[in-house]
Structures are given as C-alpha cells and as structure tokens.
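Chains as they are written, first to last, in this note's numbering: chain A, 5 to 116; chain B, 50 to 205.
None of these hints come from the bench; they were simulated from the model. If a hint is listed, it holds; no wrong ones were tucked in.
Partial list, computed: chain B residues near chain A (C-beta under 7 Å):
no., residue
1, Leu53
2, Arg67
3, Phe69
4, Ala79
5, Ala88
6, Trp89
7, Ala177
8, Ser181
9, Leu184
Cβ atoms here follow ideal geometry from the backbone N, Cα and C, with glycine treated the same way.
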Amino acid sequence: MINLSDAFQALADPTRRAILARLSRGDATATELAKPFALAQPTISQHLKVLTEAGLIVRSVDGTRRPCRLAREGIEAVDQWLGALRDALDANYDRLDAVLAEITQQPEEKNP
Amino acid sequence: MSKLTLTTEGDRNIVIKRRFAAPPEAVYRAHIEPALIQAWMLGPDGWTMPKCVSDPRPGGQIRYEWSDGKGHGFHLTGEFIELSPFHRIVHVERMHLPDPTPDNHVETTFEADGAGTLMTVRMTLPDADVRSKMLATGMEHGMEVSYSRLDGVASR
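Kindly produce the complete structure, drawing on both the sequences and the hints.
Next up, the structure:
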C-alpha cells in the first residue's frame, strides 16, 4: 500500500515529474536519466530514492544494469485517489449548477 | 463530461477552473450567501452542512460545519480578506479535524464567459509538504479539489 502523502510530496518536484514522464516512455537507468536533465549522479540518485520510497518507481536488476521503471501499482493508486477526489468535487459543482439554475431563473418564471 | 480542471503550480499552489452556465453575479453569490452555500457545498453522499456562517466583508468570519447525520462531523473556519463583487473573493481557511490544518489562502475569481462564468480557484499552501498532505488526505474534506491528470504520467 503506497503512502499517498509521500507520493504527492515526490510529485511536487518538477525534476521528479519529468523523470516519471521520461519513464512513461520506457525503462531507463540512472545514467540515462541524468543526461537529459544535466544532473549530477548524486542528485539523480537522490530523486530516484525519493520516487522509489514513494512507491512510484521500482528498480530491477538486469545483469549489470539497474533500470528504473514506473511502479504500476503506485501510479494507479495515485490516479484512482485523484479520480475519487475529482468525483467528489464534481458532485459539489453539479449541485452548484442546479442552485445557479434556480436563482437565475426565478425572475423569468413570471412570464413563462 | 467533467468541466473541471485542476493543475498544480510550483510546489505550493493548486488551481481549479470550472465553467458555469450562470453569470458571475450568481456564482459569486453562491460562494458567500449561507443559504446558497448550504445547498451545494456538501461533500460525500449523505453529508449536509447544518451550520454555515459567512460574513462577506474584509475580516468577516467563515464557519462551515458538516455532519453525516450519524454523529460524525468536522468544520472549517476562515476569514475573508478582500471582496470585489461580483468578480473576486480572497479568503483564508483551515479544516479542524479536530486539530487545525495549516492555513489555505484562496483566491477565487469569476469572469464573464459568454453568458456564463469561468471560475478560477487558486489555492496557496504554506509549503510543498502541506500541499502534499492536503492532496493525500482528500483535499480537506475530499471536495475542495480534484486532479485532472498527472501530466500524462498516470495515464500511461
């Protein structure tokens, strides 16, 4: 079970979001990820550590490579959570639509 | 289907946009008049807002109390900072769960958009950590905000 607070904290950083966006196009090693971002290896390692601990990526062992990939479970948990929040917010604003229809139509109701 | 978008900006802002068919005056009123607020700002199914205090002037108090009718509830308090009828509301708010959450600074603008309104809610949290916790715990009561997509990340 991922910790959503850790996940959102991890997502708050633009470099980490860019790393996730890159990984959504395919697995990559730390070295491969460091290049486009012009980041020093320790910096990228720190970002990968945060993402791993947040449950958003996993690192596997492939011979001498240790490629990173998106952790489907973690990403889906965040997505589902956000979907639920979105539904809750939509429900409120749908109710507001109805309230607005009522208060804006009242003056016209005298002349149907 | 949804007309709502949400984006995060920087590391401590959240921006929600939503269009309404009604003109700005009506949408603005629905955000400051207690009887109207109680009709829509309800959160999860089955919850109501038995008490709503809204004193729309600078320094005026805000207090919303929600209940599930089964003995559970929580409340929000806040203060208005600036009001420009029917265009802009600035206020701060915090949830009491029961300990108060850090202040959420909220600017809500209402712009005419054809015959309707484009509403923009811009929240500013004290820091990235607070914003993360707020999203993770359901944006206060799970109705303040939602997310569109994680910039193409979550959808793959």
